[in-house]
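Generate coordinates for the entire structure from the input sequences, incorporating the hints supplied.
Protein sequence lines, in the order shown, are assigned to chains A and B. Everything in the first sequence is counted per numbering that gives the first Met the number 0, starting at 0 for the first residue and increasing by one. Everything in the second sequence is counted per numbering that gives the first Met the number 0, starting at 0 for the first residue and increasing by one.
Just so you know, not all the hints are guaranteed correct.
Note that the list lumps identical chains together, so a pair holds whenever it fits in one copy or between two copies.
Claimed, not checked - List time: in silico BS3-like cross-link candidates among lysine-lysine, alpha-carbon distance up to 27 Å:
| id | residue 1 | residue 2 |
| --- | --- | --- |
| 1 | Lys24 | Lys56 |
| 2 | Lys133 | Lys56 |
| 3 | Lys24 | Lys133 |
| 4 | Lys138 | Lys24 |
| 5 | Lys54 | Lys24 |
| 6 | Lys133 | Lys167 |
| 7 | Lys52 | Lys133 |
| 8 | Lys167 | Lys138 |
| 9 | Lys52 | Lys138 |
| 10 | Lys167 | Lys52 |
The hints are simulated quantities; they were obtained by calculation from the structure and are not laboratory data. For clarity, every value in this text was computed on a predicted model and none was experimentally measured.
Protein chains: 2
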Amino acid sequence: MVLAYDGAIQRLIDSFASLPGIGPKGAQRIAFYLLQAPDVESQRLVDAISEVKAKVKFCEICGNVCESSPCAICSDPRRDHTTICVVEEPKDVMSIENTREYRGLYQVLGGAINPMANIGPSDLNIAQLLNRLKDGQVKEVIVALNPNIEGEATTTYLSRLLTPLDIKVTRLASGLPVGGDLEYADEITLSRALEGRREV
Amino acid sequence: MVLAYDGAIQRLIDSFASLPGIGPKGAQRIAFYLLQAPDVESQRLVDAISEVKAKVKFCEICGNVCESSPCAICSDPRRDHTTICVVEEPKDVMSIENTREYRGLYQVLGGAINPMANIGPSDLNIAQLLNRLKDGQVKEVIVALNPNIEGEATTTYLSRLLTPLDIKVTRLASGLPVGGDLEYADEITLSRALEGRREV
Ligand SMILES: [Zn+2]
Ligand SMILES: [Zn+2]
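Here is the structure:
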């Protein structure tokens, strides 16, 4: 059994420990760091959290995060509006942008189909994607989901859904380590996977 | 070169990445987690940070963190007021409290002597400790600093300072892995080290 700190410190430790990737020891270290940090530094963190919650929204077109909707990518006329790259999360948009190999648009699904976590197709931005394909402007959909079970299941689902629409459906080339997370792929690997994409 | 996110998100990622033990990928993961979390959850974190900064202070007697000074340990008459355990940081107080082997008081130094980081004896709560030893009530000082170079140097410094005062000066038994950090010692190891303490 472990004794708890005085109220406020323990609440701060608990708050940090509930964030992804931070364990109890790490949360404790951060709490004491903030406690001893200059007020301006802790205030910067508080302001950054509040600002993101107040300002950041989801793009009405692609589902990516942005400060004004439609997002900068959707509203950029120099991007290739005939290609949509489908990703799970906003952070995947940034991973692909960092390759500087892709000039099309995105669709952020907000996750992948996962029966164990009770996430089905209707929980994802799939209707939003289908809606964007209606006017016939989009010629290719690149499915760029994580190379794990949920990503594979979602890719298969999307491929069945999109094939009848007479749109080219491709997926990232293998080369991504299976079981991994798209966000941890280095830029070269991601570039290669993008170049070598194939029809589903 | 890596593209940055829109202003507010990038500022949040940067704020988290500046905390100890959180790298850029971890900061990104946390930022998107908070972005998508219910407002009540992000607000809980914001409130916890603000509350700690507003409420938590340092005990005027021992230097430990507390919500009212003197702290609960210093003002507890059931504790053994003839023994002071000297530690580097408030988190070390909690590590030792968790052993449930120690019933004396503490002195938190606020760090250890470290010439490379420009931390000398005058930057630590050593005058506070000496002041507490003046009235002759304290019979033993247990020096429980981290078993690394800085902790050893500070132990040696304290031992020279305290020996002339006719107070028993002990240190934690070896058994703690050298080069390690006191906070990562498990409770049994810490208990044993406490039992086997020896005079410096
Ligand atoms: Zn958009
Ligand atoms: Zn105290």
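Against the structure, the hints:
Taking CA atoms no more than 27 Å apart as the test, Lys24 paired with Lys56 passes between copies only; the shortest distance there is 21 Å, against 33 Å inside one copy. Taking CA atoms no more than 27 Å apart as the test, Lys133 paired with Lys56 passes inside one copy only; the shortest distance there is 25 Å, against 61 Å between copies. Within a single copy, Lys24 and Lys133 get their C-alpha atoms no closer than 51 Å, and across copies no closer than 36 Å, so neither meets the 27 Å cut-off. When the C-alpha separation of Lys138 and Lys24 is checked against a cutoff of 27 Å, the pair qualifies neither within a copy, at 50 Å, nor between copies, at 33 Å.
In this assembly of identical chains, Lys54 and Lys24 lie within 27 Å of each other by CA distance solely across copies; the values are 22 Å between and 32 Å within a copy. Taking the closest pair of Cα atoms, Lys133 and Lys167 come within 27 Å of each other only inside a single copy of the chain (14 Å); across copies the shortest separation is 84 Å, beyond that limit. Within a single copy, Lys52 and Lys133 get their C-alpha atoms no closer than 33 Å, and across copies no closer than 53 Å, so neither meets the 27 Å cut-off. In the homo-oligomer, the alpha carbons of Lys167 and Lys138 lie at most 27 Å apart inside one protomer (6 Å), although the nearest pairing across protomers, at 82 Å, exceeds that limit.
For a Cα distance limit of 27 Å, the shortest separation of Lys52 from Lys138 qualifies neither inside one copy, at 35 Å, nor across copies, at 55 Å. Taking the closest pair of Cα atoms, Lys167 and Lys52 never come within 27 Å of each other, the shortest separation being 37 Å inside a single copy and 56 Å across copies.
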